[in-house]
Every structure is written in structure tokens, then in C-alpha cells.
Amino acid sequence: MRPVVLATLFFAAIVAADHLLAQSPAAGSPAQSERRESKGAAASAPVPRTPWGHPDLQGTWDYKTITPLERRAEYGDRQYLTDAEVKTLEDAAGKRMDLPPSDEQPNQAGTIHATYLTDPGRRVDDDRRTSLIVDPPDGRVPALVNAGGGRGGGRGGGGRGGGAARPGGRADSWTDRSLLERCITWGIPTASLPGLYNNNIQIVQSPDHVVIVHEMVHDARVIPLDGRPRVTGKGDTARNYLGESRGWFEGDTLVVETTNFGTKTNYRGANVNLKLTERYRRVNASRVELLLTVEDPTVWTKPWTVKLGMRPSEGDLIEYACHEGNYGLRNILEVARDEEKAAAGQK
Amino acid sequence: MRVILYCAALLVACAAPAMAHHSFAAEFDSKQPVVLKGTVTRMEWINPHSWIHLDVKNPDGTVSKWMIEGGTPNTLVRRGFTKDSLKEGTEITVEGFRAKNGALRANGADLILPDGRRLFIGSSGTGAPKDPGDGR
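Those protein sequence lines, which keep their order, are chains A and B.
Numbered per the numbering used here, the first sequence spans residues 1 to 347.
Numbered per the numbering used here, the second sequence spans residues 1001 to 1136.
Okay, chain A solo, but in the shape it has when bound:
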């Protein structure tokens, strides 16, 4: 063994991206987006339909994008990127994915994956917006009802030991760890928002149901369209990790409303009062648009909405059977126990 001093700052991809995002050239304009949406001849084509007449949303759809959920402060109230900004961001994203680590793109300390082992995309969203959040207009998650009250939990639900002094979160038991680390679920809306990988869903339709399969932890939601009452709404006894979804069509838009989340889930501090409303619309042959509204009046001061343009996936979904070999959970607990032994030995 020999120690070597590295005189290099390690920057993770997010930092590089953030710095690029912080560059704020001239203002973009909504007109750019409108041109992008209208230039496809297919935009005016009839909506494809199922044999029973519903708009046909079926297929596997890819929603990865480098556009961040929230708008960075440097953009102010500007909703759209300029052409130059798009080029800069996409060139940087491609470089992160393709080039070996260097002084400019070193390995990522502090992250699980090297950049090129991930699949976060290389493109900004179709509209070239500065954030995926389209409402409120500032592109930011609204203020918390209880600002500073410590309700902002993990995005994946449960765990990671909020408030724990241990780096990486509390690990007294597997129950301290997140639902994703335990391979139970990525949860929604998290599984519907762009992440490091598995940014695909599959939509399957029948006359009275829609099934949405999330590649992340291969969750499937079977959504009735027939107006049946919710099962778990009575007595508060059987709430679900994925909530309970009911769907219907409004014109050519599939609306899916999900409530009845359980206490074990945690999306940014929201669980039992969380309500998600998804609106899926077939824009053309190669696009499904999703408008996702998130609300919980006990957590946020107002609802907020994300817009995603989903394109056909690279191929079929690939099964992500997370529990197959989840060594990570075992290793985290082993490390925690060893740290305790080491600490006890020092006393």
C-alpha cells in the first residue's frame, strides 16, 4: 500500500450540471417551445384508438431527461432555455456519459454509480423548460405548511434515519432503511419521475382497466376505470404502499387519481393525505404527455404539477427484481454493527 495525494477536486455529475445550469445567458422564450411542439407533422394526426374506442396509450415509454425537477434560482422566472443553453447542457450530459473520468469529469465520490453506469439521459425535455415543474410558475416545489418543522422526509419512502447522526442514516434495523433499499417499492410519484436509471413505464389497456408497470422495482398498478368505490377508504385499515388508484377518461386524456397511501410511505414528508393526479395524453405517435399533480394540504401550501414528455422506450421493460441479490442492505447493517463495535472499543 502506498498513499498518494490527489490534488484534484472531485466533482460529481450533479455539481457539474449545476454549475452549467448556473450559467444564465440570454432569456429563452415560450415561442421556442411552441415551435418544437408544432413542428412535428404527427402533432395534428388523429389520436390512435383501441378497438373499444379509448385513446391508445399502450406501449413502453421512456421519461428520462436531464431537465431538473425544480428551476434553479439563477434562472429567475424564466421558463425556457435558449438554444445555446440546450447545447451546453446536452453536450455536458453526453460527455459525462461517454468520456472516462478526468480532471474535469472525475469519478464520483459519494455516489453509488459512476456516471457511465447510469442511464439518466442526455437531453433536456421537449419543451426546453428550465424545470419539470410547470405549476406553480416559479418551477419550484411550493413552501411547506410547516416550514422548518422537519417533515421533509426521503423521497423514496421511509428510512434513511431522519435526524440520525450516522452518515448515511440510522441503521439499527432493516426497518430503519428506506423502502427502496429494502426493495419493497420505489413508490409513487418517485417511480414516475426521472432518476438515475429504470426511467420507463409500460401502459396496458383493457376496456375497464389500465395497468401501469413501473420498471423501477417492477411495481404494477392495476387501475379500474369503472367508477367502483375505493376498497381501503373505510376504517383506515388497509392502506397501500402505492396508494389506491382509480381512473377515467376526460376526452382523450386518461386521468388517474391515487389516494389512500399508508403511513409507511413518505414522499417529501407526505403519506396518508397525499393525493396524486396523473393525466396521460397521446400527443402523437411518438409522445405521451404526463401532467402529474401532487397535493397534500398538510405538507405543501398549494398543489404542484410536473410535466413530462415520454418517448418510446429503447426496448421492452427489463425486470428489476430488486430483492434478488440485495447485498447492499446486509452490508449497510454489517457496517453499522462494526462501527458500533469500534466505538465501544474506543471507550
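Since the hints were made in silico from the structure, they are not lab data.
Everything numeric in this text was worked out from a predicted model, so none of it was measured.
Where hints are given, some of them may not hold.
[Unchecked claim] Keeping only pairs whose Cα atoms sit at most 25 Å apart, straight-line, the calculated SDA-like set for lysine to any residue is:
1) A:K87 x A:K307
2) B:K1031 x A:R337
3) A:K95 x B:I1112
4) B:K1065 x A:E324
5) A:K95 x B:R1118
6) A:K307 x A:D56
7) A:K95 x B:P1114
8) A:K95 x B:R1117
9) A:K95 x B:T1093
10) A:K302 x A:R246
11) B:K1083 x A:E324
Once you've looked at the hints, dock chain B against the given chain A.
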């Protein structure tokens, strides 16, 4: 054991661009970068993460058996990496970060073949596919 520990003088541990499957900080130590040169004994092609098993020869002739955590199988496939890409007996160099408790495990950050090629890197001729066209 040919393990080079790098002391990162100016190490910035950063949040991932989006949450990965599990916490890096709970399992690995960003202050223990390692470079391991060894022989692949097998690769576990499993969810949620792949694991490469590596025999690393120590200076005294003994062998240390390391486990290197890699990307998810889904992502590897989409980046052009298959079960044939890394065969048993291949000599590789892995750069990564060691487990916090000193176990012979590391989070793999980079993987270099004997001829210098780095796996998973599209621009170096490994055949990793580019992002699919989106009609723009």
C-alpha cells in the same frame, strides 16, 4: 496486495443527481478510494446491482477475494454490456471506494481492461449505445 489508497486532499462528497438504490454513505467510504488489479473469478448478474468477484494477489503470494459493486443489470444491458463482456480469468483494474468497515468490498467507479479500454464508455469503442433518437 496491490492496493493503492488515495488520500483525497480536496474531496467533495456530493449528492447523486437523483437517488440511487441505496445509500453510498451508509456503506462505502469516499475517503478510501482504492485501485485494485486482479483476476475476475465471476460476475453476479443480479438485481439490484451487479457484483464482480475479483482475486487480488498480495505481495506475500496470498490472494484476497474482493467484491466490486457495479451498475444495475438493466443499465448495463442498455449501455451495451452483456454477460460476455467480462469473462472469468480476465485481468482488470478497478477503481472504486472501499467499504467503511474495511471489508474487501468496494463500489466500482471505473473498470479498465488489460488493453487500457474502459468498460461502459461509449466513446472508447466498446460499442455502448448512444441515447436512442427522440425525433428532434
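>> What's the verdict on B:K1083 and A:E324, does the C-alpha distance respect the 25 Å limit or exceed it?
In response: Holds: B:K1083 and A:E324 sit about 17 Å apart, inside 25 Å.
> Is the Cα-Cα distance between A:K95 and B:R1118 25 Å or less?
Replying inline: Within the cut-off at roughly 15 Å; holds.
>> Does B:P1114 sit within 25 Å of A:K95, going by the straight-line distance between their CA atoms?
In response: holds (24 Å)
>> A:K95 and B:R1117 were given as a pair; does the straight-line alpha-carbon distance stay at or below 25 Å?
In response: Roughly 17 Å separates the two Cα atoms, so the pair holds.
> A:K95 and B:T1093: Cα distance at most 25 Å?
Replying inline: Within the cut-off at roughly 22 Å; holds.
> Given the hinted pair B:K1031 and A:R337, is their alpha-carbon gap at most 25 Å?
Replying inline: holds (20 Å)
> Taking only the CA atoms, is the gap from A:K302 to A:R246 under or equal to 25 Å?
Replying inline: Answer holds: A:K302 to A:R246 is near 22 Å, not above 25 Å.
> Under the criterion that the straight-line Cα-Cα distance not exceed 25 Å, is the pair A:K307, A:D56 satisfied?
Replying inline: Holds. A:K307 to A:D56 sits at ~20 Å (cutoff 25 Å).
> Does B:I1112 lie within 25 Å of A:K95 when you go C-alpha to C-alpha?
Replying inline: holds (18 Å)
> When you check the alpha-carbon spacing of A:K87 and A:K307, does it fall within 25 Å?
Replying inline: Within the cut-off at roughly 21 Å; holds.
> If you draw a straight line from the CA of B:K1065 to the CA of A:E324, is it 25 Å or shorter?
Replying inline: Holds - the C-alpha atoms of A:E324 and B:K1065 are around 22 Å apart, at most 25 Å.
Violated hints for the displayed structure: none, as all numbered hints are satisfied.
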